[in-house]
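Protein sequences appear in the order of chains X and Y.
At position 143 of the first sequence the residue is numbered 154 (our numbering), and the sequence of numbers has no breaks.
At position 81 of the second sequence the residue is numbered 140 (our numbering), and the sequence of numbers has no breaks.
One or more hints might be untrue.
[Stated by the list, open to error] Listed next, with one range per pair, are the computed distances between beta-carbon atoms:
1. P288(X) with G176(Y): 34 to 42 Å
2. Q86(Y) with K84(X): 52 to 60 Å
3. V105(Y) with E314(X): 54 to 62 Å
4. G176(Y) with L269(X): 29 to 37 Å
5. L269(X) with V105(Y): 26 to 34 Å
6. G176(Y) with I61(X): 40 to 48 Å
7. K243(Y) with R43(X): 42 to 50 Å
8. L336(X) with K286(Y): 47 to 55 Å
[Said to hold, decoys possible] Chain X is nowhere near these chain Y residues, computed Cβ spacing over 12 Å in every case:
9. H90
10. V114
11. E235
12. Y257
Think of the hints as simulated: they come from the structure by calculation, not from any bench.
From a predicted model like this one, the values you see are computed outputs, not experimental measurements.
Ideal placement from N, C-alpha and C gives every residue a C-beta, glycine not left out.
Here is how the chains run, residue by residue.
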Amino acid sequence: MDKYTQEYTISQLLTEYPFVKDFLEDHLIPYRGKEHLTLDAFFKYLDPNIIEENAINPDLFTKSLVEYIDLMKQYFVSNKPKQTSITIYPGTHKDGRKESFDSIHIKSGEIIAIVGPTGSGKSRLLADIEWAANDDTPTGRTVHINGRALEPHERFSSSNKLVAQLSQNMNFVMDMTVEEFLDLHATSRLVKDKETIIQTIFNKANTLAGEAFTKDTPITELSGGQSRALMIADTAILSTSPIILIDEIENAGIDRKLALDLLVSEDKIVLMSTHDPILALMGDKRIVINNGGIDSIINSSEEERNILGKLEALDKTLMTLRQQLRYGKTIELKEEY
Amino acid sequence: MDLITVSGPPSSGKTSILLRTIEHFKQRGLHVGVVKFDCLFTDDDVYFAKLDIPVKKGLSGSLCPDHYFVSNIEEVVEWGNNQNLDILITESAGLCNRCSPYIKDIKAVCVIDNLSGINTPKKIGPMLKSADIVVITKGDIVSQAEREVFTMKVQSVNPKAIIMHVNGLSGQGAYELSTLIYDKDKHVATLEGEQLRYPMPSALCSYCLGETRIGKKHQVGNVRKIKLGDS
């Protein structure tokens, strides 16, 4: 049937493809002590009671194993282009009118704000990008990645998922420390230099967070700001998805400018749905959505950038006041603002 | 009529996902019907009925719901065909994580959620391992990293499945799911003679037959003992 199950012994498989160990264990295959056999031979002599007890389907298992090895090999191939571009071609508004732009081009390192009232179609635009729409979604838009439409298998592949998402109400639910958590994620991404990467993410997260945390803090005990800081640093550095969707970064306890800078420095495309003037002005462009379609595209002007300076100063004042409150000081506000 | 079997652990979001997906089918003018299988209680049929589509529910009561499913699916398909449906969806909760209601050559969708813990993919048997499409829900409330780790765990027990993330509240991903699960050229006239993808667990002991007393002398049939070692 296949070389992996007919020619390789189990121990050869394990040496060549170390991830097969987890696969065997996840499928409850009692292979220990039988490593000298090929999988085909192993299943031939396996006690039918064990097959039933562990719900093993040898035929399905061997087929899956072959797929899994091929799939995991893709993870190791690092010929993915680091630069990514998205081109959006127009579809229609809810009322059937054609969207009025020719095309929108976004490339790695750009920050795009998406603005529009609730229910206007922001999520649909983000979904069109995530799915790499090909005139087959309700808007009729076409989205090209690196200048071409994606093949069906690329759309469904979880190894090159296009989009990573950071949303407002995310939490950590796993019961482990910061270090264990980062280790688990790094392991699942098959990164080579785990220790260094874990340390980098940890340091970055601490610069983003208002209050420092340690590596042995349980992730479920992190404050809102610390959690978000860790999620952002982890996504920027460990996630392979070239596009990051952000659904409003909350103000409290995190340096948002640093967070965006970090994402962009990792060559991510950042798309954020926001109504916060500071975040929106940090973007290179704003896509305005109304009535299900893209109404206009605004490039941030020089004037607007000047306002951004003032807004950031205001924001800083607020942050300072927060710090003062946190450490039990009385609040003073200078009148210059 | 195309037939789609959807299953997944209780409260994983099967019904929410289906409600969102069916809305998209309806917008395309497709005639959809649902049969919901459950054990003791369900009012999900009320939610489906609100979409103004034909819906039936089957409660297995004292029987194993998956055994109940397979004993009734033939009649359910006949009902769907009599209703002139384009798509018939069956929804059932895999209660002991061991059975799976999937049928050879019939599209099988398994719904699981990000909150269920990273070892859950390993605990769920054929229901997850032999599904064609795995839908992962509740992604909006966990971190990106947890989503990625969870997806990897699912992939390692079922590498050939298409894994999709769908949000049952906002409906994000439901449109895409609707394009994946329906095949307009597939016509299921009858299931007579078709086969389950995986056998149901063998169980025929005195307790299956209503025994309530505890103790060796009351246990007959397929009884297996826990290994506790020397005491």
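Here is how each hint holds up against the structure:
Evaluation of the 34 to 42 Å hint for P288(X) and G176(Y) yields a pass: the beta carbon distance comes to about 40 Å. Distance hint check for Q86(Y) and K84(X): the Cβ-Cβ separation is about 40 Å, which falls outside the suggested range of 52 to 60 Å. Between V105(Y) and E314(X), the C-beta spacing of about 55 Å keeps the proposed range 54 to 62 Å intact. The hinted window of 29 to 37 Å between G176(Y) and L269(X) holds, with their beta carbons roughly 33 Å apart.
A hinted range of 26 to 34 Å is violated for the C-beta pair L269(X) and V105(Y), which are about 49 Å apart. Taking the beta carbon of each, G176(Y) and I61(X) are about 25 Å apart, not inside 40 to 48 Å as hinted. Separation of K243(Y) from R43(X) is about 48 Å and conforms to the stated range, judged on CB atoms against 42 to 50 Å. For L336(X) and K286(Y), the Cβ-Cβ distance of about 60 Å falls outside the hinted range of 47 to 55 Å, so the restraint is violated.
Under the 12 Å C-beta cut-off, the non-interface status given to H90(Y) relative to chain X holds; the minimum distance is some 20 Å. Every Cβ of chain X is farther than 12 Å from the Cβ of V114(Y); the closest lies at roughly 25 Å, confirming the non-interface assignment. E235(Y), annotated as away from the interface, has a beta carbon of chain X within 12 Å; the closest lies near 5 Å. A cut-off of 12 Å between C-beta atoms contradicts the statement that Y257(Y) is not in contact with chain X; the least separation is 6 Å.
Against the hints set out earlier in the document, violations occur for numbers 2, 5, 6, 8, 11 and 12.
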